[in-house]
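S.K.: Spelled out from the first residue to the last, the chains are:
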Amino acid sequence: MSIYMENIIDLYKNPLNHGKLKDATITHRAYNPLCGDDITVDLIVEDDKIKDVRHRGVGCAISQAAVSMLTENIKGEGLAGVMGMKKEEVIDMLGIELGPVRLKCALLGLESIHEAIISYRK
Amino acid sequence: MSIDISQIRSDFPILSQQAGDYPLSYLDSTNTSLTPTQVTTAMDEYYNEYNANVHRAVYHLSEKATAKMDEARGKIQHFINAELPEEVIFTRNGTEAINLVAQTWGRENLSKGDVVLLSMMEHHSNIVPWQLLQKDKEFEIVFLDLTDEGRIDLEHYQSVLQKKNVKIVSLVHQSNVLGTVNPIKEMAGIAHQNGSLFMADACQSVPHMKVDVQDLDADFLVITGHKMLGPTGIGVLYGKKNLLENMPPFMGGGDMIRSVTCKESTWNILPYKFEAGTPNIAGAIGLGAAVEYLEKIEMETIHNYEKKLGEYALSKLKSVKGLKLFGPQEMNERGATYSFSLQGIHPHDLASILSERGVCIRAGHHCAQPLMDRLKVPATARVSLYIYNTQEEIDRMIKSIEEAKKIFKLDEE
Chain L
253 MSIYMENIID
263 LYKNPLNHGK
273 LKDATITHRA
283 YNPLCGDDIT
293 VDLIVEDDKI
303 KDVRHRGVGC
313 AISQAAVSML
323 TENIKGEGLA
333 GVMGMKKEEV
343 IDMLGIELGP
353 VRLKCALLGL
363 ESIHEAIISY
373 RK
Chain F
107 MSIDISQIRS
117 DFPILSQQAG
127 DYPLSYLDST
137 NTSLTPTQVT
147 TAMDEYYNEY
157 NANVHRAVYH
167 LSEKATAKMD
177 EARGKIQHFI
187 NAELPEEVIF
197 TRNGTEAINL
207 VAQTWGRENL
217 SKGDVVLLSM
227 MEHHSNIVPW
237 QLLQKDKEFE
247 IVFLDLTDEG
257 RIDLEHYQSV
267 LQKKNVKIVS
277 LVHQSNVLGT
287 VNPIKEMAGI
297 AHQNGSLFMA
307 DACQSVPHMK
317 VDVQDLDADF
327 LVITGHKMLG
337 PTGIGVLYGK
347 KNLLENMPPF
357 MGGGDMIRSV
367 TCKESTWNIL
377 PYKFEAGTPN
387 IAGAIGLGAA
397 VEYLEKIEME
407 TIHNYEKKLG
417 EYALSKLKSV
427 KGLKLFGPQE
437 MNERGATYSF
447 SLQGIHPHDL
457 ASILSERGVC
467 IRAGHHCAQP
477 LMDRLKVPAT
487 ARVSLYIYNT
497 QEEIDRMIKS
507 IEEAKKIFKL
517 DEE
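Which chain is which? The protein sequence lines are L and F, in order.
Here this note's numbering = 1-based position in the first sequence + 252.
Here this note's numbering = 1-based position in the second sequence + 106.
What the hints contain is simulated information worked out from the structure, not anything from laboratory work.
These numbers come from a predicted model, not from an experiment.
Honestly, I wouldn't trust all of these hints.
[As the list claims (entries may be wrong)] In the DSS-like style, the derived pairs of lysine-lysine whose C-alpha atoms are separated by at most 30 Å in a straight line are:
hint : chain 1 : residue 1 : chain 2 : residue 2
1    : F       : K424      : L       : K265
2    : L       : K265      : F       : K505
3    : L       : K265      : F       : K270
[Said to hold, decoys possible] From the derived model, a few chain L residues whose C-beta atoms are all more than 12 Å from chain F:
hint : residue
4    : I260
5    : I261
6    : L273
7    : D289
8    : L331
9    : M337
10   : R354
11   : E363
[Claimed, not checked] Some residues of chain L that are not near chain F, with every Cβ distance over 12 Å (derived):
hint : residue
12   : I255
13   : E258
14   : K265
15   : L268
16   : T279
17   : D300
18   : S315
19   : K327
20   : G333
21   : G336
22   : E341
23   : D344
24   : L350
25   : I369
26   : S371
Idealized CB from N, CA, C, for every residue including glycine.
Make the full structure from the sequences, and use the hints.
M.R.: Structure, rendered in C-alpha cells:
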C-alpha cells in the first residue's frame, strides 16, 4: 500500500494551522538535516493549556501532513497530556506504515512541539 | 569494444531481485555502487582460504595474504598509473584520505595568511577536514563560486590564485551532485605555475573514466572503493612520493613503525607509514578485484556506454514538465549523475514514490550543504547511472515520475 493516501496529499497541499501567531508564547524550530525538513511552531499557552498553535516551514508531504494533524489534535489540550504523546499516536493519526527513515519526517512536528513546551517550562 | 550489458548484469546477483511487484531499478551508484560476484568471491577466498594477518607472520597463510594485498596495491597503482606502488596508501574511504592530507601535510605546512582553495561543489568530506584543522591553524578557506551551469570559471580560478597565497587547491573531479567534470589537468597545471599543490577528489570520476595521476600531475588524489564496484571500508590516497615522505604519520600503532622504545619511535617506509594497525585486508583484495573487473571491460568502453545512456537519461529528464535540472544541461564534460527538483513534490516524497515502484534514487542534500544553499534548495532528487544500468530502467523511472505527479495532482493545477 502506498503511504501517499489522498488525505496526506490534501494536507500537504492545504496544511491546517499553517502560518504564524503574532502573540506566540513560545516559538520553536526543529530541523531534520537528513532531508532538510524544517518546521517552526508557535504556541500560545494559557493556564497550562495550548490555546492556539501554528506551524510553518518546508518539508515533505509526510512531515507536513503529520504536523497538520498534530496541531489540530493538541489545540485546547493540557501541556502534560501533549508532552505524554507518543510516536505511535502520530503514526495512528497518519494511518500509514513508515520505515525508519520516513518515520523521522513524521515525527519532526511532535519533536518541535515537545521541545517548544520544554523550553516554555524552563 | 562492444559491450554485453546482460552479461554484465548477470555478475550482479542483487539485480535479479524483485522489489515487490516491480523489477529492481538501481539508479543510485553515485551513492554507492553494486558489487559483482568477482569482488565478493575474491574477498570470500581470503576469509575461506588464507585468512591471516599481513606483514606479521612467516607461515604460508600470512605469506599469501601479504602477497595478495601487495598484488591489490599493484593493480590499483597500474589502474591510476601511479609511478610507484608505495604512492598508493590504503585508507578506509575517500573521507579518511582527505583527513590524512589535512592532518599531516596541512598541519605541517599551513599557517596564518595561507589559503586552502576549494569550490562550492565540494562534498562535506573536502570541507570539514579543513575546517577541523582551522581550529588549530589560522589559515583561510576560500570557496570558488560556480557559473549558473554549475561549472568553475577558469579565469576566476586564475585570479584567485594570483591574489591569494594559495598553498593547496583541493577540488572534486566529478561533482556528486551536478555531475560536472572539472578540467583538473588544466587546473593542476595552473596551480603548479602558481606554486600551489593540487589535490583531486576523484571518488566520483575514477569509477567512470580513465584517470591517470601522472598525466594529470596531481599531487594527491583520493579514491573510494565502494563507488567503483568494490567493497565499503576501503579507499586510497595517492600521493607523490617526495610529498608523502616528508609528511608526518597520520595515526600511530602497529605496522607504521620502524622501532618503538619507551622513549620514542621511528617510522616505517612508505606506504606502511600511513597504514597503522591491521588493515582492511579483504577490502583491499576486493578493491583489487573490482579494478580487474573494470579493466576487463575497459574504462573507455564504460565511459562511452555511460555517455550514451546518459544522453538518453538527460533528454528524458528534460522532457518532464515541471522538472528543473541542476548543473550542466548537455552531456559534454559531465558524468551521468543528475540532480533535479520537481515543482510541487518534495524530493523525499518523489524518492519514496519511486521506491514503491522498485526505482532507487537518492533524495537529500548529498553531503553538499553549501552547494544546496548556492542552488537555493533544501534538497534535490538525484539519479545516477553505471555500467549495469539500461534504457528500460530509465523509462521505468520516468514513468514513475509521471505517476508521482498524478498522485500529487500536479497536472490538474
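S.K.: Each of the hints needs a verdict: does it hold here or not?
M.R.: Hints and how they fare:
1. Using a Cα cut-off of 30 Å, the hinted pair F/K424 and L/K265 holds, with the two alpha carbons roughly 25 Å apart.
2. About 23 Å separates the Cα atoms of L/K265 and F/K505, which keeps this hinted pair within 30 Å; it holds.
3. Straight-line distance between C-alpha atoms of L/K265 and F/K270 comes to about 49 Å, which puts the hinted pair past the 30 Å bound.
4. Chain F draws L/I260 into its interface by the beta-carbon criterion, the shortest separation being 9 Å against a cut-off of 12 Å.
5. Its closest Cβ contact with chain F, about 6 Å, brings L/I261 to no more than 12 Å, contrary to its assignment away from the interface.
6. Consistency note on L/L273: stated as away from chain F, and its beta-carbon is indeed over 12 Å from all of that chain's, at 24 Å minimum.
7. Separation of L/D289 from chain F is inadequate, the least Cβ-Cβ distance of about 8 Å not exceeding the 12 Å criterion.
8. No Cβ of chain F comes within 12 Å of the Cβ of L/L331; the nearest lies about 31 Å off, and the non-interface call holds.
9. With a closest Cβ-Cβ approach of about 24 Å to chain F, L/M337 is found to remain outside the 12 Å limit, as its non-interface label requires.
10. The claim that L/R354 lies off the interface is violated: its Cβ sits roughly 6 Å from the closest Cβ of chain F, which falls inside the 12 Å cut-off.
11. Distance check on L/E363: its Cβ is at least 17 Å (rounded) from any Cβ of chain F, clearing the 12 Å threshold; non-interface status holds.
12. With a minimum CB-CB distance of about 7 Å to chain F, L/I255 fails to clear the 12 Å threshold, and the non-interface call is violated.
13. For L/E258, the shortest C-beta to C-beta distance to chain F comes to about 9 Å, within the 12 Å cut-off, and the non-interface label is violated.
14. Remark: the non-interface label on L/K265 conflicts with the geometry, its nearest Cβ contact in chain F lying 7 Å away (cut-off 12 Å).
15. At the 12 Å boundary, the C-beta of L/L268 stays outside the reach of chain F, the nearest C-beta of that chain being 18 Å off.
16. For L/T279, the condition that its CB be more than 12 Å from all CB atoms of chain F holds, with the nearest at approximately 20 Å.
17. No beta-carbon of chain F comes within 12 Å of the beta-carbon of L/D300; the shortest separation is about 35 Å.
18. Not every CB of chain F lies more than 12 Å from the CB of L/S315, the least distance being 8 Å, so the non-interface label is violated.
19. The Cβ of L/K327 sits about 26 Å from the closest Cβ of chain F, beyond the 12 Å cut-off, so the non-interface label holds.
20. Distance check for L/G333 against chain F: the nearest CB is about 30 Å away, which clears 12 Å, and the non-interface claim stands.
21. With a least CB separation of 29 Å from chain F, L/G336 remains clear of the 12 Å interface cut-off, as annotated.
22. The claim that L/E341 is not at the interface with chain F holds, since no C-beta of that chain comes within 12 Å of its own (minimum 22 Å).
23. In this structure L/D344 is separated from chain F by more than 12 Å, as the shortest Cβ-Cβ distance comes to about 20 Å.
24. Not every beta carbon of chain F lies more than 12 Å from that of L/L350, the smallest distance being close to 10 Å; the non-interface claim is violated.
25. Residue-level check passed: L/I369 sits 26 Å from the nearest beta carbon of chain F, beyond 12 Å.
26. Non-interface call for L/S371 relative to chain F: holds, since the shortest CB-CB distance, roughly 24 Å, exceeds 12 Å.
The structure fails hints 3, 4, 5, 7, 10, 12, 13, 14, 18 and 24 (numbered hints given earlier, in ascending order).
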